[in-house]
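Chain by chain, the residues:
Number of protein chains: 2
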Amino acid sequence: MHIKPYTDIAAVNVASDQVRDVTMRVVIGPDQSAPNFIMRVFEIAPGGYSYKHQHDYEHEIFFHAGHGEVVYEDRTVPVGPGAIAFIKPNALHQIRNTGGETLTFICVIPNPE
Amino acid sequence: MHIKPYTDIAAVNVASDQVRDVTMRVVIGPDQSAPNFIMRVFEIAPGGYSYKHQHDYEHEIFFHAGHGEVVYEDRTVPVGPGAIAFIKPNALHQIRNTGGETLTFICVIPNPE
Numbered sequence: 515m516h517i518k519p520y521t522d523i524a525a526v527n528v529a530s531d532q533v534r535d536v537t538m539r540v541v542i543g544p545d546q547s548a549p550n551f552i553m554r555v556f557e558i559a560p561g562g563y564s565y566k567h568q569h570d571y572e573h574e575i576f577f578h579a580g581h582g583e584v585v586y587e588d589r590t591v592p593v594g595p596g597a598i599a600f601i602k603p604n605a606l607h608q609i610r611n612t613g614g615e616t617l618t619f620i621c622v623i624p625n626p627e
Numbered sequence: 515m516h517i518k519p520y521t522d523i524a525a526v527n528v529a530s531d532q533v534r535d536v537t538m539r540v541v542i543g544p545d546q547s548a549p550n551f552i553m554r555v556f557e558i559a560p561g562g563y564s565y566k567h568q569h570d571y572e573h574e575i576f577f578h579a580g581h582g583e584v585v586y587e588d589r590t591v592p593v594g595p596g597a598i599a600f601i602k603p604n605a606l607h608q609i610r611n612t613g614g615e616t617l618t619f620i621c622v623i624p625n626p627e
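Sequence order for the protein chains is A and B.
Read in order, the letters of the first sequence correspond to residues 515 to 627 in our numbering.
Read in order, the letters of the second sequence correspond to residues 515 to 627 in our numbering.
Calculated directly from the structure, the hints in this document are not laboratory data.
Misleading hints may appear alongside valid ones.
Said to hold, decoys possible - Straight-line Cα separation of at most 16 Å, EDC-like style, residue types lysine to aspartate or glutamate; simulated pairs:
{"id": "1", "chain 1": "A", "residue 1": "518", "chain 2": "A", "residue 2": "545"}
{"id": "2", "chain 1": "B", "residue 1": "602", "chain 2": "B", "residue 2": "587"}
{"id": "3", "chain 1": "A", "residue 1": "602", "chain 2": "A", "residue 2": "587"}
{"id": "4", "chain 1": "B", "residue 1": "566", "chain 2": "B", "residue 2": "587"}
{"id": "5", "chain 1": "B", "residue 1": "602", "chain 2": "A", "residue 2": "531"}
{"id": "6", "chain 1": "B", "residue 1": "518", "chain 2": "A", "residue 2": "583"}
{"id": "7", "chain 1": "A", "residue 1": "566", "chain 2": "A", "residue 2": "531"}
{"id": "8", "chain 1": "A", "residue 1": "602", "chain 2": "A", "residue 2": "570"}
{"id": "9", "chain 1": "A", "residue 1": "602", "chain 2": "B", "residue 2": "545"}
{"id": "10", "chain 1": "A", "residue 1": "518", "chain 2": "B", "residue 2": "583"}
{"id": "11", "chain 1": "B", "residue 1": "566", "chain 2": "B", "residue 2": "531"}
{"id": "12", "chain 1": "B", "residue 1": "566", "chain 2": "B", "residue 2": "588"}
What the hints assert, rightly or not - Part of the chain B face toward chain A, derived, beta carbon under 7 Å:
{"id": "13", "residue": "519"}
{"id": "14", "residue": "541"}
{"id": "15", "residue": "543"}
{"id": "16", "residue": "546"}
{"id": "17", "residue": "550"}
{"id": "18", "residue": "551"}
{"id": "19", "residue": "553"}
{"id": "20", "residue": "578"}
{"id": "21", "residue": "586"}
{"id": "22", "residue": "596"}
{"id": "23", "residue": "600"}
{"id": "24", "residue": "622"}
{"id": "25", "residue": "624"}
Source: prediction; values computed, not measured.
Glycine residues also receive a C-beta, built at the ideal position from the N, C-alpha and C atoms.
Excised from the complex, chain A in its bound form (with noise of 0.2 Å):
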């Protein structure tokens, strides 16, 4: 049985040049056998944004806490607790955090293996 705060699980930071101040959690994944997709928690810290890239897999993202916006392709969209955003396959695409707090999110993409 894995149903417990995601706060219990570890968080890792994201380190690279083109990050600042995120850390991930992967919530659901390998460790519990998950066959089709991996739900990961990330949270970023106010002023800190994600890698604004791009890849050939989706992203099904839910904005739990916090405010920010996300960067798809040649627009910018204010999100907040609630908001939900499809990032389909090869779009470009970042997310940062514009308010004055922790911006929480879920992230789920699909199981590589």
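Mind docking chain B on chain A? Use the hints.
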């Protein structure tokens, strides 16, 4: 582009004599040509509960707001904002609102197509 508050998406009542006061929104799915998995947002009113059932596909769940409990096989686990739950294929499960506010959670399933 599909980035918006989940409440902008139409809710449907989950109508059954085995379910009480549950609405569902398919927030990312076939309408967006999501290729691998589908994100739904459920709201359960105080005193409400979802099906107690099992099926051959998994759920990956994140609790956004409110308080409740997950029945998983022969156990019952309290959950609140930020809890995650992995429901393995074929595991008996139910979600109940035990609090005084709406219980809101996302539940991701594989795309059956």
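Output the numbers, in ascending order, of every earlier hint that fails for this structure.
5, 15
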